[in-house]
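Respectively, the protein sequence lines represent chains F and U.
Start counting the first sequence at 1; every next residue gets the next number (this note's numbering).
Start counting the second sequence at 1; every next residue gets the next number (this note's numbering).
Honestly, the hints are just simulated from the structure, not real lab data.
Be aware that one or more of the hints could be misleading.
Here are a few chain U residues that face chain F, going by a calculated C-beta distance under 7 Å [to be verified]: (1) Met49; (2) Ser81; (3) Pro82; (4) Ala83.
Just so it is clear, CB atoms sit at the ideal spot from N, CA and C, and this is done for glycine as well.
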Amino acid sequence: MDTLLRCPICHELLDSAVGNQVCGHVFCSLCIRRYLTSTKTCPICFEGLEDRQLSKYGLIDGLVASFKVARGEIYRALESHSKAVEKKYIKEIGEEICDIDSGKVAKSGLLLAGKRKEINVECPNCSEYFMEREINSHLDACLSYKAEKGDSKTIETAPSLNDIFGKKRMIKKMPKPNKLVYSMLSESKLRKICKELGIPSNGSKQQMEARHSEWINRYLANEDSSAPKPHSKLLNDLNKWEHAVISKPPQKNPLMENANTDTFDAKEYYKSSLLIFLISSIKCAQLIYMPFL
Amino acid sequence: MNDPVPGIQAIPHEDNLRYFSVVIDGPSQSPYEGGHFKLELYLPEEYPMGPPKVRFLTKIYHPNTDKLGRICLDILKDRWSPALQIRTVLLSIQALLSAPNPDDPLSNDVAENWKTNEKEAIETAKEWTAKYAV
Numbered sequence: 001m002d003t004l005l006r007c008p009i010c011h012e013l014l015d016s017a018v019g020n021q022v023c024g025h026v027f028c029s030l031c032i033r034r035y036l037t038s039t040k041t042c043p044i045c046f047e048g049l050e051d052r053q054l055s056k057y058g059l060i061d062g063l064v065a066s067f068k069v070a071r072g073e074i075y076r077a078l079e080s081h082s083k084a085v086e087k088k089y090i091k092e093i094g095e096e097i098c099d100i101d102s103g104k105v106a107k108s109g110l111l112l113a114g115k116r117k118e119i120n121v122e123c124p125n126c127s128e129y130f131m132e133r134e135i136n137s138h139l140d141a142c143l144s145y146k147a148e149k150g151d152s153k154t155i156e157t158a159p160s161l162n163d164i165f166g167k168k169r170m171i172k173k174m175p176k177p178n179k180l181v182y183s184m185l186s187e188s189k190l191r192k193i194c195k196e197l198g199i200p201s202n203g204s205k206q207q208m209e210a211r212h213s214e215w216i217n218r219y220l221a222n223e224d225s226s227a228p229k230p231h232s233k234l235l236n237d238l239n240k241w242e243h244a245v246i247s248k249p250p251q252k253n254p255l256m257e258n259a260n261t262d263t264f265d266a267k268e269y270y271k272s273s274l275l276i277f278l279i280s281s282i283k284c285a286q287l288i289y290m291p292f293l
Numbered sequence: 001m002n003d004p005v006p007g008i009q010a011i012p013h014e015d016n017l018r019y020f021s022v023v024i025d026g027p028s029q030s031p032y033e034g035g036h037f038k039l040e041l042y043l044p045e046e047y048p049m050g051p052p053k054v055r056f057l058t059k060i061y062h063p064n065t066d067k068l069g070r071i072c073l074d075i076l077k078d079r080w081s082p083a084l085q086i087r088t089v090l091l092s093i094q095a096l097l098s099a100p101n102p103d104d105p106l107s108n109d110v111a112e113n114w115k116t117n118e119k120e121a122i123e124t125a126k127e128w129t130a131k132y133a134v
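Extracted from the complex, chain U is given alone in its bound form:
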């Protein structure tokens, strides 16, 4: 990584260089602002022909993640391209925090809440951020 992205940190493990500890800061003007979200990122054998595996380790209230921290993001699945990098993947995840997409959910209850009562959902997301990610 030639120039680090502000708000994103990825450090490879010493004993396994394919495994990264990642911290993404919650984007400003989002319910996740002020939170530091830990993730794990793993480069499988197929990388870069196949996507890296990423999941949240910090609990997060977001319609496109499930309670195990797995992330629903097109570029981590069928829209993966070998021209994408760890950097671009993490930037996309940060962007996903800014713009949750309840129409393509991974947690149905969160997405439902997000659609029917957005204010309350955002409030809950803020609470979870304060409780788990600070």
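The shape of chain F in the complex, shown without the other chains:
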């Protein structure tokens, strides 16, 4: 079950699962959209694939959600079981050591307790990770937030104009982005489009291109989700993503750079020429110092 519900690209549990009618392979919406930005084939069978051929599989999202809950329950059950076993173990060890040295009992007990570290658990509702002891208080808050949202949905169907306008004001909806051919756009035009979409419009053209295409992927992936995030949260995520990408210095593998023929040969060449230079300088030194010796 665990392997079946994982995305072949990121190997996480599927998030907003989408598949296509051509070959039926299923991915996270954001993963496959990011890939299709550069290559128009299915990553598994190499069939031609366009992002408009993707359709969302709500059933799989439901399966993943219930699997997450079940997994948490299994984990808790296992943990309480292992705790019981551990207690028994401590008791047994304690009894054994008690005969030899009573001081050690506390020590061994402490050691075992220390091994049982605080474990982060995933919230089944929002998928964020929390310390085990904080999860209950978080769940209360998280679920009540959902309930509030649920309430506002029911209000939406009510015919009262006030409520509809109230909701509209509450959730700021951002315009749907369209795909662009960046090479055909000037920097100022792209900046204007970014501004109109409500996403940051600073930085170079290259940065804006990357940001814009990531925004399209995130926006559409959010639409595929069974529990779409509000756009303000989505924008926040985009900023976080950009920050992570920019703040990371471009990692280069120094060893892999040797694979370049030029530098490799040059190094060898310099090494040998350095050797010749050293030998000749030693010879020179010998010649110079010889009379004094």
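Place chain U on chain F using the hints.
Coordinates of chain U only, in the frame set by chain F:
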């Protein structure tokens, strides 16, 4: 990696988790049998949307590698797919050792030798394995 592949070992570096030290054992019934070939594998920023970079560190006589250890393999270039993993890449390299492809060479002289005098080429590959990879 949930279950390790026999004959393949990949260990990430402590200071750079994107960089792996790899050892592939020469497949049986190939000229590389008995050899332990060291490779380096690097996951670039684009991974998994782009392929990992792999090269041999141990000298190897093979038509699809060059003298710097770079490997000519379709999945490391244009046939890369994000559904491939480090595991599958290393398995493909192991398979490439079992089945050299002199029609798509990286070292022309090795490939030429492989095509014209396969026996001698295999002998040389065996010699190099014994000399550098054991």
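Structure versus earlier hints - violations, ascending order: none
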